[in-house]
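Novice: With the hints as extra help, turn the sequences into a complete structure.
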Amino acid sequence: MVDSLELALTNLLTPAILFFLLGFGAGWFKSDLTVPEGAAKTLALVLMLSIGFKGGVEAARAGLSPEFLKAAGVGLTLSFGIPVIAFGVLKMISRLDRTTAAATAAHYGSVSIVTFVAGTEFLRVGGVPFGGYMVAVVALMETPAILSALILAGGGAAGRQGLRRELFREVALNGSVVLLIGAFLVGLLSGDAGMAKMEVFVGPVFQGVLVLFLLDMGLVAARRLSAARSLTLPLVAFAILMPLASSALSLGLSLALGLSPGNAAVLAILAASASYIAVPAAMRIALPDADPGVYLTLSLAVTFPFNLVFGIPLYTAAAAALIG
Amino acid sequence: MQLSHRKKLEIIVEAPVLRRVEAFLAEAGVRGWTVLPSLAGAGDSGEWRSGDFTPGQEKRLIFALVTAEVADRVLARLADFFADYPGVVAVSDVEVMRGEKF
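Chains as they are written, first to last, in numbering that gives the first Met the number 0: chain A, 0 to 323; chain B, 0 to 101.
Derived by calculation from the structure, the hints in this document are not laboratory data.
One or more of the hints may lead you astray.
Said to hold, decoys possible - Which stretches of chain B does chain A cover? Using the computed rule of at least three CB atoms under 8 Å from a CB of chain A, they are:
| id | region |
| --- | --- |
| 1 | 14–24 |
| 2 | 64–77 |
| 3 | 83–94 |
Glycine included, each C-beta is placed from N, C-alpha and C at the ideal position.
Specialist: What follows is the structure in structure tokens.
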């Protein structure tokens with residue numbers, strides 16, 4: 000218990016979290032501090048490239064393991080299943096219309112890649128080993144939640160308008176996922192020899208990029224929160240309690256399948272995270288009537304900061320206590 | 000200077016459906032158009048700002064000059080589309096140089 004408290008405190012005092020909080024404060028008090036849009040996009044590219052590449056190299060070292068198939072199975076189950084639970088809870092606690100509730104549920108079933116990046120950094124610093132192939136699991140978990148949400152919403156506009164191809168492109172060929180999986184494959188193929196060439200870029204430089212990116216995320220999250228019009232207390236409670244429930248569910252599945260504590264922690268972090276890039280764009284195509292003021296604000300301005308600051312150490316500690 | 004009467008179409012749509020709307024224009028016989036980016040805005044679904052992780056809500060402005068007949072075909076097709084999707088369509092009468100191009 001003391002260990003987990005220490006771990007949580009260590010997380011709070013890392014440059015990544017402190018810069019996120021700096022950005023959040025600056026955004027909340029309407030400072031003119033900004034990360035230029037082009038720079039923010041470049042930082043995101045470096046993050047995806049580094050995390051994908053590192054995962055690929057590690058996966059090449061480990062070889063194909065049955066643990067990967069189990070983790071992928073848990074990930075897919077969660078991505079399909081969490082929206083059903085989230086939808087039921089939202090209908091019970093709020094007066095959201097069916098479409099907005101389904102769209103919000105999709106965000107919680109899908110994943111946030113930045114939360115994954117921050118979470119795996121936390122595990123690396125804490126010396127908790129996990130499989131490099133978890134990068135591939137992230138990509139698998141992006142889409143199923145969207146399908147579940149479409150069923151829950153009863154179809155959607157994309158089917159009526161013949162926009163299925165656009166929907167597919169927006170989700171499956173989403174730039175972040177393409178680069179993440181592409182870099183994973185490059186890492187897998189080039190292995191340790193490739194790592195020797197990329198070391199400085201994906202190693203020491205990575206921390207600085209992550210910190211700058213999180214500063215920007217803090218600014219954006221605070222702006223989003225201060226402009227929020229449709230937030231109610233039950234919705235905010237949902238955005239904090241749903242990640243806890245999802246991570247608990249994920250830990251239960253990992254325990255049942257005998258996954259390692261590190262992989263279980265990564266899956267719990269993924270289950271708890273909510274998408275704010277791929278799914279919102281897909282929802283504008285599939286369910287344009289759903290209110291982004293609800294789903295984007297909950298996912299980006301409440302769940303993301305909660306997971307980053309409190310959730311990641313909590314899920315890691317729970318995985319260690321339950322499985323370790 | 001010889002000027003001709005044409006219709007100016009200004010269509011604002013969300014970025015993810017841009018390709019679809021461009022396909023409608025091509026099908027309706029529009030010979031050329033220009034797409035412009037957007038910075039920020041507000042509407043039914045709240046405020047949004049380019050770069051604030053609102054990829055689905057960012058808008059694109061499509062600018063096109065067409066004959067009255069082509070404008071009618073475009074509007075007929077867009078009426079169905081905008082039954083489901085948000086957006087803005089404005090048509091105005093303009094005089095253009097080199098009218099044979101539109």
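Novice: Mind listing which of the numbered hints don't hold for this structure, in increasing order?
Specialist: 2
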